[in-house]
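Participant: Single-letter residue listing:
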Amino acid sequence: MTDQELVPGFTDLAETMGAQVISVSGPEAVAAKLVEVLRPLGSKVALTACSLIRETGLEAALTQAGFLVEKDGAEFARQADIGIVEADYGIAETGTLVTDATDLKRRLASMLPLTCAVLLPAERIRANLAEVVEAYLASGPWPGYLALVTGPSRTADIERSLTIGVHGPERLLIILVGSDDCGGQ
Amino acid sequence: MASKEFRERIKKALGNASLRGALERFADSYVVAREQVYAGRDFQALRERIAAIKADAANRYGELADEFARAVEARGGKVFRAQDPASAREYIYQVAREHGVTDVVKSKSFASEEIHLNEYLEERGIHPHETDLAEWILQLMPGERPSHMVMPAIHLPKEEVARVFSRYLGEPVKPDIAQMVRIARRELRKKFLSAGMGISGANIAVAETGTIVICTNEGNARLTTTVPPVHVAIVGYEKLVPRMQDVVPILEALPRSGTAQPATSYVTMITGPVPAWLGDREGPKELHVVLLDNGRTAMAADPIFKEALQCIRCASCTNVCPVFQLVSGQVYGYIYSGGIGSILTSFFNSLEDAADPQSLCLGCRRCAEVCPANINIPDLILKLREKVVAKQGLPATYRIVLHGVVAKPKLMHGLLRTAARLQGPVTHGQPFIRHLPLFFSPLAHGRSLPAIARQPLRDRAKQLERPVENPRLRAAFYSGCVIDFAYPEIGEAVYQVLGREGVEVVFPQGQACCGAPATYSGDRETAVKLAKINIAALEAAQAEVVVTACPTCAVALKEDFPKLLAGNLAWEKRAQALAAKVKDFTQLVSELTAQAGRILSAPAAAGGPTPASPAACREPIRVTYHDSCHFKRHLGLDQVARQVLRDQPGVELVEMKESDRCCGFGGSYSIKYPEISLPILERKLKNIMDSGAQVVATDCPGCVLQLRGGLDQRHSPLQVKHTAEILAARLGANPKDRT
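The listed protein sequences derive, respectively, from chains A and B. Each residue of the first sequence is one higher than the last, beginning at 7 in the working numbering. Each residue of the second sequence is one higher than the last, beginning at 174 in the working numbering.
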């Protein structure tokens, strides 16, 4: 897969696997887009502390738009409608998000609410899992909790009927940041 | 013979329409979906890579376990090595007790079922809650057995699940799947948020980093390992791989082979304790990894059976198994089902526990074709069968037939000749036995049996053997019992076709049964005896080629004899020399015609003999081809046969659905398990009849027997022909009809 194919490849597979991919031109466009997309999906947001989330001024934008933003506490994410996290990598071959989720709040925010929004810089898309494993191996001690997520939570346990949203989110939004510069759609 | 309780289970499963319907629907769509999800990938290379990784690991579990434990402990986790289920259970119970745990959330784990953890904890006042939806449903239905390794509740209709949920909630629940999934989410969320401990299994354990890898689509493993302050992972030694990069091919194959998905929704890799909410603050959770042996290191030390430790538990072998589709995991018993399950059970439980489950294998080899860990499951099952027979002995009827008759060719041939004379009343002068008296009747139920030929091929051979001037080749014909005694006309066709090709054919009279019935019954002793008899008889013929028209015999001569006699220096060499000469009839025809640069049925072009009645043999016929299991999966000649048939002018080859699906014969299998063999035959017959062909061709006389018998009982005008018969008829010399 060439670099030009990574973004469309990832987008295609992620959507096939049931995620919704939303492209924005750069970090400055994230907040407005998320406010617009998330408005119909609830009012309580569990926000994790990630660099891209800070950079985009998301907290202020969400608060200003009337969302209730929680960032901490014993009940974190338990009652939230939406969790917002950031991913380290995307895998084009399978439409997978890869995140070092050692931080407890990242795990809770991405699993407990019905909607999970994940920010992914487009330049972090890699062709396959082998490349991603190599990248983590090269960058120091292996993460304590590495999460690979492909599409929303799903089951086919009753009559093999595919049903979305069992224990994890039923809606997975991937905000692909800066994809316009990377030969995206 | 299978135990009474086992037969009862089979009967119950076969009578369960919703179970059969669900498994069949799944299996049908699985085959197609699997094909699609692997499209463009080199499956063979992938599975060889996985097999190499897992085989290497199995050679050094001790070393890898040490490395794994050091890595986990360096991160602050604990590793407990459990020799047996009792010590594993006790350790986990003690951890729970120390923390005052009353409720445990569990993410699906075979290992925990293997050690009967739930019952143990429950008896001690600790409540385990399964969180995989199917496992939870089954947990709410005491006494209900899982029907499939990956989809344990596939057999339950939604109405049944609604009844279970209604009972659990004490309020009516509608059989609406989406609604029921929401109920499960709500109810199990409470358990996740209140449990004091999470218990998971693992799909892979990486020695290099001390990482456990868990795959779930629902996300329950993520919650199980995130919310409670204590995590216990139960990991069999066979999950160990040396390096982190080794997870890549396994994660490529597992979802594709398991459920035909490109990726599992949640793949979680846990390395050491991670932060958790400890009730009043965030802090490191407690991580315990229980490394479970329970027969695994003994298995790894076994030069033959260690191969089964390569299994990645995708269950694709059961998804393509024609027997599993009929009886489900509920019949196999214990934790691991299907053919691979019986092998694992023989080590994790006992040989006795594996005796009945292993006997269900039909030997069709479809599983070996799809196994992403490249495990030769059918061969391992035969080895297991030998072990069972060595320990328990052959069932009495088998002992009498195999030792007393088959191993003594003169006696067997004499008995068959006598039977040919005496069978008049049952065959009513027809070439089929439609009804059998008394206790033999299940054999002829749904399938007529062929009558024994009045004159076996071995007695006709002299008349068939004609001197060939300047023969291109001298071939010894190894007919096998079915052609010899039931279908000598197939043998005659072989003589005619090869004769026209300038091959001098001889019939070594000393040949006996190839031993396949003994091999597939686990009777090594008889198989060895017959191998020697046949090697001596076929050597005496001094032929360049040993030709057979039965793929089961071909496999016996080519593959089994050298294995059976391995280690016996003189005999091993002789077996190998014979094996090198063995050639299937259709393969030989294909080679001879290619050499001659022409196709078989255009002899005039090459100056050969002119067909007796060109018009008759050019009459177009529509032929569909049935792949015999041994012919396709052992000999790999499926395309060769099709090409040979296509080369016949007037033959229109049409493909049936599932042409390579077993016909259900399996030699003595159809006698051992007629109740399973028959529905497999029925499906095959339907596919044949739906193909619109007038003739079904196959290269195996066993399949001919099974298919002719089935079509006869259904009064179908469809003809079943061995490829040799079609070629002979096309030559214009119809083989004589049997009288």
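Since the hints were made in silico from the structure, they are not lab data. Don't be surprised by glycine CBs; every beta carbon is placed ideally from N, CA and C. Among the hints, a few may not be true.
Claimed, not checked - With beta-carbon atoms standing in for the labels, derived distance ranges: (1) B/Glu-178 x A/Gly-79: 39 to 45 Å; (2) B/Asn-549 x A/Ser-49: 56 to 62 Å; (3) A/Gln-85 x B/Glu-208: 43 to 49 Å.
Participant: If a hint holds in the structure, say so; if it does not, say that too.
Facilitator: Hint-by-hint comparison with the structure:
no. : hint                             : in the structure
1   : B/Glu-178 x A/Gly-79: 39 to 45 Å : violated (56 Å)
2   : B/Asn-549 x A/Ser-49: 56 to 62 Å : holds (58 Å)
3   : A/Gln-85 x B/Glu-208: 43 to 49 Å : holds (45 Å)
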